[in-house]
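Given the coordinates of chain P, work out where chain L should sit on it, guided by the hints.
Protein chains: 2
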Amino acid sequence: MSIVTAIDTSDIRFPTSQQLDGSDAMNADPDYSAAYLRISTDAGDGLEGHGFVFTIGRGNDVQVAAIHALRDHLIGRDVEDLLENMGATWREFVYDSQLRWLGPEKGVMHMAIGAVVNALWDLKAKRAGLPLWQLLARMTPEQLVELVDFRYLSDAITPADALEIFRAAEPGRAEREAALLASGYPAYTTTPGWLGYSDEKLVRLAKEAVADGFTQIKLKVGASLEDDVRRMRLAREAVGPEIRIAIDANQRWDVADAIEWVNALAPFDVAWIEEPTNPDDVLGHAAIARGVAPIPVATGEHGANRVMFKQFLQAKALEVLQIDATRVAGVNENIAILLLAHRFGVPVCPHAGGVGLCEAVQHLSMFDAVALSGDTSGRVIEFVDHLHEHFVTPVDVHDGAYWPPLAPGAGAEMLASTREEFTFSPMADAREVIAR
Amino acid sequence: MSIVTAIDTSDIRFPTSQQLDGSDAMNADPDYSAAYLRISTDAGDGLEGHGFVFTIGRGNDVQVAAIHALRDHLIGRDVEDLLENMGATWREFVYDSQLRWLGPEKGVMHMAIGAVVNALWDLKAKRAGLPLWQLLARMTPEQLVELVDFRYLSDAITPADALEIFRAAEPGRAEREAALLASGYPAYTTTPGWLGYSDEKLVRLAKEAVADGFTQIKLKVGASLEDDVRRMRLAREAVGPEIRIAIDANQRWDVADAIEWVNALAPFDVAWIEEPTNPDDVLGHAAIARGVAPIPVATGEHGANRVMFKQFLQAKALEVLQIDATRVAGVNENIAILLLAHRFGVPVCPHAGGVGLCEAVQHLSMFDAVALSGDTSGRVIEFVDHLHEHFVTPVDVHDGAYWPPLAPGAGAEMLASTREEFTFSPMADAREVIAR
Numbered sequence: 004m005s006i007v008t009a010i011d012t013s014d015i016r017f018p019t020s021q022q023l024d025g026s027d028a029m030n031a032d033p034d035y036s037a038a039y040l041r042i043s044t045d046a047g048d049g050l051e052g053h054g055f056v057f058t059i060g061r062g063n064d065v066q067v068a069a070i071h072a073l074r075d076h077l078i079g080r081d082v083e084d085l086l087e088n089m090g091a092t093w094r095e096f097v098y099d100s101q102l103r104w105l106g107p108e109k110g111v112m113h114m115a116i117g118a119v120v121n122a123l124w125d126l127k128a129k130r131a132g133l134p135l136w137q138l139l140a141r142m143t144p145e146q147l148v149e150l151v152d153f154r155y156l157s158d159a160i161t162p163a164d165a166l167e168i169f170r171a172a173e174p175g176r177a178e179r180e181a182a183l184l185a186s187g188y189p190a191y192t193t194t195p196g197w198l199g200y201s202d203e204k205l206v207r208l209a210k211e212a213v214a215d216g217f218t219q220i221k222l223k224v225g226a227s228l229e230d231d232v233r234r235m236r237l238a239r240e241a242v243g244p245e246i247r248i249a250i251d252a253n254q255r256w257d258v259a260d261a262i263e264w265v266n267a268l269a270p271f272d273v274a275w276i277e278e279p280t281n282p283d284d285v286l287g288h289a290a291i292a293r294g295v296a297p298i299p300v301a302t303g304e305h306g307a308n309r310v311m312f313k314q315f316l317q318a319k320a321l322e323v324l325q326i327d328a329t330r331v332a333g334v335n336e337n338i339a340i341l342l343l344a345h346r347f348g349v350p351v352c353p354h355a356g357g358v359g360l361c362e363a364v365q366h367l368s369m370f371d372a373v374a375l376s377g378d379t380s381g382r383v384i385e386f387v388d389h390l391h392e393h394f395v396t397p398v399d400v401h402d403g404a405y406w407p408p409l410a411p412g413a414g415a416e417m418l419a420s421t422r423e424e425f426t427f428s429p430m431a432d433a434r435e436v437i438a439r
Numbered sequence: 004m005s006i007v008t009a010i011d012t013s014d015i016r017f018p019t020s021q022q023l024d025g026s027d028a029m030n031a032d033p034d035y036s037a038a039y040l041r042i043s044t045d046a047g048d049g050l051e052g053h054g055f056v057f058t059i060g061r062g063n064d065v066q067v068a069a070i071h072a073l074r075d076h077l078i079g080r081d082v083e084d085l086l087e088n089m090g091a092t093w094r095e096f097v098y099d100s101q102l103r104w105l106g107p108e109k110g111v112m113h114m115a116i117g118a119v120v121n122a123l124w125d126l127k128a129k130r131a132g133l134p135l136w137q138l139l140a141r142m143t144p145e146q147l148v149e150l151v152d153f154r155y156l157s158d159a160i161t162p163a164d165a166l167e168i169f170r171a172a173e174p175g176r177a178e179r180e181a182a183l184l185a186s187g188y189p190a191y192t193t194t195p196g197w198l199g200y201s202d203e204k205l206v207r208l209a210k211e212a213v214a215d216g217f218t219q220i221k222l223k224v225g226a227s228l229e230d231d232v233r234r235m236r237l238a239r240e241a242v243g244p245e246i247r248i249a250i251d252a253n254q255r256w257d258v259a260d261a262i263e264w265v266n267a268l269a270p271f272d273v274a275w276i277e278e279p280t281n282p283d284d285v286l287g288h289a290a291i292a293r294g295v296a297p298i299p300v301a302t303g304e305h306g307a308n309r310v311m312f313k314q315f316l317q318a319k320a321l322e323v324l325q326i327d328a329t330r331v332a333g334v335n336e337n338i339a340i341l342l343l344a345h346r347f348g349v350p351v352c353p354h355a356g357g358v359g360l361c362e363a364v365q366h367l368s369m370f371d372a373v374a375l376s377g378d379t380s381g382r383v384i385e386f387v388d389h390l391h392e393h394f395v396t397p398v399d400v401h402d403g404a405y406w407p408p409l410a411p412g413a414g415a416e417m418l419a420s421t422r423e424e425f426t427f428s429p430m431a432d433a434r435e436v437i438a439r
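Listed in order, the protein sequences are those of chains P and L.
Following my numbering, the numbering of the first sequence begins with 4 at its first residue and continues without gaps.
Following my numbering, the numbering of the second sequence begins with 4 at its first residue and continues without gaps.
Bear in mind the hints are in silico, worked out from the structure with no lab data behind them.
Errors might be hidden in some of the hints.
One copy or two, either will do: identical chains are not told apart, so a pair holds if it fits within one copy or between any two.
[What the hints assert, rightly or not] Only pairs whose alpha carbons sit at most 25 Å apart, straight line, appear in this in silico SDA-like list of lysine to any residue:
id, residue 1, residue 2
1, Lys319, Ser157
2, Lys319, Arg293
3, Lys210, Gln22
Bound conformation, chain P alone (with noise of 0.2 Å):
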């Protein structure tokens, strides 16, 4: 038996506003960031859990109080206990009645959840030897059933119908992580689109990214129609009919706006319309997807949990869902969202980039690739070429496609030097700030 012995937090941020990076209709100066936190045991095995929550920038130190306030949780806990009942793990974590009053279930203290549900997962796998998606995809259907709370969920399934979706695709395992191992899952990239970048810049990346492999890419769009106009134009001439562009609002517009807006760039070839209103709103996605059919409406990298995601769903207001790595409660919960994906036919196309997203969420595809939807069609992984220098195994994107990662783990390890090198300091940032 071992026994937690440590929970190191670390807030940590990249100072990415300086270059426009990452830049978008409602997030104009983002500083990548992420709450970042450390497990150690007393095992003797030198390994550690590690998980972050991805933020960009203020706020990043109270994110990190909501992971401090979880270490009673873990501290003196028997490791092997933790991580050989992971869905009990999550449910103590998720159904702590005092800190739920601060969501329930979403914002800052899901979110806080979420990172250590997968540093947990991530020494799991670590002891396993396995990378986090062949661990997920050697498990039993019954353990993995086992991994979701199907609390709210039971009007659109139910543990039967997750345990038949994981036994009918048992047969084939072993042939599709094959598949994935030969050829990799698709990429999109985001790379070119950004609003803050010139218009030069844009058809060059936009170039770029069809030359290094890539069949889509994401233009962000909602701050000017004529800017969108010009640099869809652009865009399109750039990469030629065959590659498909995906526009992102960022939750700019209201209902109406968003139709007129969305079916004002169509005649360019529009992949999917992602965000095009507040993440929250199932009735108007559903809205606005009937208005701008048959453009597809993708949303998910701010779904709070698995009941905003089950609506979604059920009122057929998203065509295309996207996952996050470090929104929800964790691998668990995103388990549970694959799950209702699936049973409502809807294609899983994470959203990515930021600091760490990529390394995290391939797993996730990957897992469903071999073991839950068996399926990689329809689907792509965003891609961002940023700060995976940063990462002990950062992805291995080439060729349009991530290739599986093979290192043991979930993916999220920083390196040392550059926990220490960027940790934030309010102190400094306010000299640095005077002296600019």
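Only chain L this time, still in chain P's reference frame:
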């Protein structure tokens, strides 16, 4: 001109779990708490703005950290400018693009904004020498519309619609204010119905409630149907057929369970079923509302923001709307929700209790009665006789009604002695647990 000179925060917790006051099907042992703030200025008038977020114990420190994170928006700012333009002030907080990532508009960060906004309203009302409800009820329709952010609401209500509502209520404000001062605002009590109470205590408190002039009580349900049937029978026998008995499941059920359970209790004449399932589940509540009709569904105390309330109304998922003073982003957002409720013809019966919620929320209902819906019929404010002695201006509830506060301010100011005595110390708490 005066400026904001300090934001002081406190982590205040009352050890209420020792008495099982406040126990329900999801919250077994709440320690009523407040993440509290004081805004000080250099005006030299001795006035401070006080506000808080109500929580139930663990995590109150995280909530305090979130309030603290907002101080840079306030320190050194022109007080008159902030208070004269409360609509713009609200937008500045809610649309801080980096902080917004932590919600958006939900959970810890959004509630922190609510506390700050409410503290500014407290200061504004104190400066005006008026209780908040009267301050609001004396603003012009144009000024009131300016307070509300209609982003994401325009498919349900526009600024023009809101202006029409406020203008329609302008004639008769004086008469309605006089009637409110003469007759109070109807209240109901939850005191008898906590799950942790014995049958004997339930019956005794139910009878006392009737003797105290209340015409509605509420019982917590959802842990055991057998117990609930027995407790409902006892309560109905205790109060007779004329008194309304609402029930509250505190999110305990899935959709099908809720319908079955509520219909089993229907013979005892249920005034409403409150929080039957997850508070994010608009479509689930709509299904439950259809399944238990004509018993109305009530919810809102965990409603994250105005976009969620919009959908509950659009989907006919609630028939009694329960605003909460500290869940959303303060007075401004609650005015948006009051407007939505009125537009959809749904009565607002606020959630209260906890600590300070009664003191705070009564101002919103009284403003609504004078200058928005202009109506108190079918409306009651929740009352729990708890912890009022800790406030500078405790509520005045008697003869089954809230009596309008006349002291300047928003009602949220705790006694300095209370703040000192109940400031939470993690070390002291650990010692006490060990001593037990």
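For Lys319 and Ser157, with the copy left unspecified, which applies at a CA distance of at most 25 Å: within, between, both, or neither? both (18 Å within a copy, 21 Å between copies)
Are the CA atoms of Lys210 and Gln22 at most 25 Å apart within a copy, between copies, both, or neither? Within one copy only: 21 Å inside a chain, 68 Å across chains, cut-off 25 Å.
Can you give me the call for Lys319 and Arg293, within, between, both or neither, at a CA distance of at most 25 Å? both (9 Å within a copy, 21 Å between copies)
Of the numbered hints listed earlier, not one is contradicted by the structure.
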